[in-house]
Amino acid sequence: MKFSSRIANIARGRLRRVSLPGFAVAVLLSSSQAGATVAEERFLQARDAYRAGERVRLGRLAEAIGDYELRPWVDFWRLRLRLEDGSSEGVAEFLEAEKGSYLAEKLRGEWLRFLAKRRDWQVFERELPPLVAPETEVTCYALQARLARAEGAGRDVVMLEARPLWFSAVELPEACAPLTDALVENGRLDVDDIWERVRRLLETKKLREARATARYLPNAQVPDAKMLESVADKPAAYLARRNGNFAATRLGREMALFAVQRMARQDPLATATQWRAIEDKFSEADRGYAWGQLAQQAAMRHLPEAPAWFERAGTTPLSEDQLAWKTRAALRTSDWLRVRQAVEQMPPQMAAEPAWTYWQARALVAQGSRDQAADLFKKIAGQPNFYGNLADEELGRTISVPPRAAPPSREELAAAAARPGFRRALALIGLDMRIEGVREWVWTLRGLDDRQLLAAAEVARRSEVWDRAINTADRTSLQHDYSLRYLAPYRERVEPKARELDLDYGWVYGLMRQESRFITRAKSSVGAQGLMQVMPATASWVAKKIGMSNYHPGKVTEMDTNVTLGTNYLKMVLASLDNHPVLASAAYNAGPGRAKRWRADRPLEGAIYAETIPFAETRDYVKKVMSNAVYYATLFEDKPQSLKSRLGIIQPARPGETRGEDLP
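Counting with mature numbering (1 follows the signal peptide of the UniProt record, and there is no 0), you get residues -36 to -1, 1 to 628 for the letters of the sequence shown.
Some hints could be false.
[Stated by the list, open to error] In silico DMTMM-like cross-links for lysine to aspartate or glutamate, where the CA-CA straight-line distance does not exceed 20 Å:
#, residue 1, residue 2
1, Lys169, Asp197
2, Lys70, Glu99
3, Lys342, Glu400
4, Lys170, Glu149
5, Lys70, Glu60
No lab work stands behind these hints, which were simulated from the structure alone.
All of these numbers come straight from a predicted model, not from anything done at the bench.
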């Protein structure tokens, strides 16, 4: 039987199978234990063959695997390799058989790339519309296709649509090069536009991409690779040995600005001194750019010079990151006028974010405009997040959970369990292919209403795939079940340890939810492991401190061991930081030393401390942990809670303080 015909036949069989009523579909997920095991082994072997590019072996395994739940993945892998070999045979049949699935979307994207590289624009444009979420590469190919057949004013329209890609923050793949070539050749990008993108790439340490982008500059302005590396590696040395006439050329000025930008990341105060010595050689716009860079770095270090340096940036447009740090710098000193002015400078979409809506409202309260402030608080009140919680309290409301929606019916659960995408997702996660499983699950959530989402969340909960249950329940709009959003698995094992250490177990659960989403074998990119994401070195240190004599590194992912080590470390950190959960949360994520350094020299609102944490990951983490803790406490204690009281006030460091200096 031909490969393409087999795809269609298997698809028809699959559709018949999932149409069974009730929970008969759930039984099919496991079938016979022995049969499932053989199929799983063959599937994993097929995956390995695909990764190794072993086409013949993959074909043999595909023949042997039969009508298995994850068979579409095997077919996808074969077709993916076939496209690499220059053939699209079987692709159209697969797309029809798996219409609407994650794999169909993924294969369609691959096919479109295949067609674009062959410049088969007619078929490309015919097959593009069903693609739901084009990546940048495919978007550029689509614009190329239109440009290829456009004439006169039509070409102008295409280039007008292509231009925003240049100013976006995304890295442009090779597929976009013909478009950027056309934009430059037709005068749609000038030298200033090119330098703007080069600067942005240099700011994000993308030297290779910056060098590639600089090829569009006039020859005299193109920096060579050696020059860029020299400035990036030793910016102070570059400035020190600069030619006295360096500012006479655009290249000389831009490299000096690059050096200032790099130096500011290490020592903004020293860099500002060097910048003042040469800034009169630059235009007003360039001076503003440099001061914006210096001010942002100063603000991230909580230096008192930051607000004044932002003022020195003048009318030069600031990036969204810089506007955020301009606001945070004003918050650190309770300069509410500057807070309000900074938020007013933001683009409307940014200013409407919960964080800036809240702080703008707080600034209005401080200036006596309570009615205006209340209108802003109402815009975000009720949102189940850090600033929605705080807005509720500013309006005099306590934080509680909404009424629990009716549980999913048997029919709703059966319909959710029967969805092929969910079935495949759970099967993949069960085989430790979590990334693929999560993608299948998230894709299948598209377009579901609240009832369908709650049913899917319950299916995940019953399968003990806690992270998918939480993620899915989080998406409901009107009907909610916060016992699914804030699941508390393993409570009978976690709560006693928290109580033994006199820890608020609502906070412990809020932290665990953020750390691992209760995935017991979770492992971060830096090596943190288990429910409480304990680093191996920290685990060994804590085990020694608490006298866990039977500990060895292999035990860190064992649930009881991980929770024992994690809660004990959390208690030690908490005790070393004024027993303040905001400081301890920051320390758990970024280290006790940093959490201490981020304090101010005066008492600081816990909310301001959290918002002005320099690390984006830790800033987001602390806010989510504290909001999580409120909801867990509400569910555990069955009464409304206050986030403001948990955030409290962060006291300044005391002279000579040494508590917790040995904590890792």
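Verification of the supplied hints:
no. : hint               : result
1   : Lys169 with Asp197 : holds, 11 Å
2   : Lys70 with Glu99   : holds, 11 Å
3   : Lys342 with Glu400 : violated, 40 Å
4   : Lys170 with Glu149 : violated, 25 Å
5   : Lys70 with Glu60   : holds, 13 Å
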